[in-house]
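From first to last, the protein sequence lines stand for chains Y and R.
Going by the UniProt record's numbering, the first sequence opens with residue 1, and the numbers climb by one from there.
Going by the UniProt record's numbering, the second sequence opens with residue 1, and the numbers climb by one from there.
Here are some of the chain R residues that sit facing chain Y, going by a computed Cβ distance under 10 Å: (1) E183; (2) R190; (3) G227.
A few chain Y residues that face chain R, going by a derived Cβ cut-off under 8 Å, partial list only: (4) W119; (5) P268; (6) R272.
Now the stretches of chain R that chain Y is said to cover, found in silico as 3 or more residues with beta-carbon under 8 Å: (7) 116-124; (8) 149-156; (9) 160-171; (10) 191-202; (11) 267-276.
Read the hints as simulated data drawn from the structure, not as lab findings.
Beta carbons are placed, not taken as given, at the ideal position from N, Cα and C, and that holds for glycine.
Protein chains: 2
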Amino acid sequence: MSLTSVACCQLALAVGDPDGNRAVARRAVERAAAAGARVVILPELTNSGYVFRDRAEAAGLAEPLDGPTVEGWIASARRHGLILVGGLCERDEDGLIRNSAVLVDAGGVRAVYRKTHLWDLEKTVFTPGDELPPVVDTAVGRIGLLVCYDLKFPEWVRTVGLRGADLLCVPTNWPLSPRPAGERPAEVTRVQASASVNRMFVAACDRAGPERGVAWVGGSVVADPDGFLLAGPRPAYDEGLVIAECRLGDARSKRVGAHNDVHADRRPELYRSILEPARSADPAEV
Amino acid sequence: MSLTSVACCQLALAVGDPDGNRAVARRAVERAAAAGARVVILPELTNSGYVFRDRAEAAGLAEPLDGPTVEGWIASARRHGLILVGGLCERDEDGLIRNSAVLVDAGGVRAVYRKTHLWDLEKTVFTPGDELPPVVDTAVGRIGLLVCYDLKFPEWVRTVGLRGADLLCVPTNWPLSPRPAGERPAEVTRVQASASVNRMFVAACDRAGPERGVAWVGGSVVADPDGFLLAGPRPAYDEGLVIAECRLGDARSKRVGAHNDVHADRRPELYRSILEPARSADPAEV
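For reference, chain Y alone in the conformation it holds in the complex (with noise of 0.2 Å):
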């Protein structure tokens, strides 16, 4: 089974520069292409920037799959014969505002994704996804996508793993909150345990470059079938390539040990309670 060289371009942009971020990400797709890259993932939002003023700033950063983004995407791919995996701030056919992802190669958009977990003020400005996330056969393997905060819903990650993605690409915007001296960022753990459960490679590319008093974690990371990290994150790293060889193939088998399927040990027939909503919340008294 071959090897594939799997990127993550951890980017400085800036909110309101659609024409220089464009500038900054076919720089860093240049690279990752010159470094071997067959899959290059971008992070949430390249195109406008993440920290607007108001939906306004966004709707105005909004633009169409046709748009030069995701042009400027498919022109890389073609160039470099590599698939692209970006975080694009859309206006879809409707005119909604949408934090997307989208996925391209020398065919032009294969898979467009609408993020459907909105974080924070995103609420007041994007019109959530409401289906499925896409899982897409592409030259080197199927890869699914999801953006950012959906990585905190396993079951939302799990509809990718269940419909058997060997690679999640998940463009991502990871404000930075603090966190205990030596302990690896609560967001690249999950992503950790996401790739275990689902024995399937997990890369999230993350932002770099402070923009409007907002840090991020800088975290961008490639991870394995086992749960280990294969390249990522680097201590006190801002923009710049991650980037591992990963055999994608790995993740067709979800055994484990000689009697055990990650998928197939699964009792759905048991699970039955999540689709219901959460006991409420409930005053501590403990």
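Go by the hints and put chain R onto chain Y.
The following block gives chain R in isolation, referenced to the frame of chain Y:
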């Protein structure tokens, strides 16, 4: 809100020596109580040990809920005024052999959970449970129960979180497997992710001491609702106490930041597909 001291007694046990195992566990519970523990967790299959030669050996070691092991736990709970969760090789009311977790307090047996996802040769020994894991109201808060490999099924953990557990207690016997230098055990990473996606405390109590050629991770930990470790794992640590002060009431709020709630932000209407079987295995062509 008050602090509750939660202790995992990572124990070296001996397969086939229930009297010895009960004594080892009783002394460990005494040490935990002396250290101030209000909740004490023992490993999986504390009475029997784990590495059975065959089903007959396990059957010969199994005991009912009113057998000497659980009676001893109740006596310890009364003596020290604590809540005790232990793994039991159980002969149930129908004579079936179960890999169980039992929660006792001064009032006696409060809940029994029969492991639902069986690991390796357990499949030849135990009858899997088919009931939702219990979430028990106790003097210190709501406690949920799972056993070991169950943690690899985030939808199963979710059933505990959604029913309002403040603390998930998990007796485990994690067999040691290779991991890259500097990496935390994947089992521990999954505990951390389980805690953070449900914003509950998770305490996993692992085994110590080799048994018939099997070594253990020694990965006993207590994780907080942010997914960070309050105690454990200790490098090259064998038998002993892993103890942490937990503000269990923190698990009553599922809020993260000003606009999010990890339970209320779920989209259960979109998760139906996880009740279906996985896409079947598919030989790698990638």
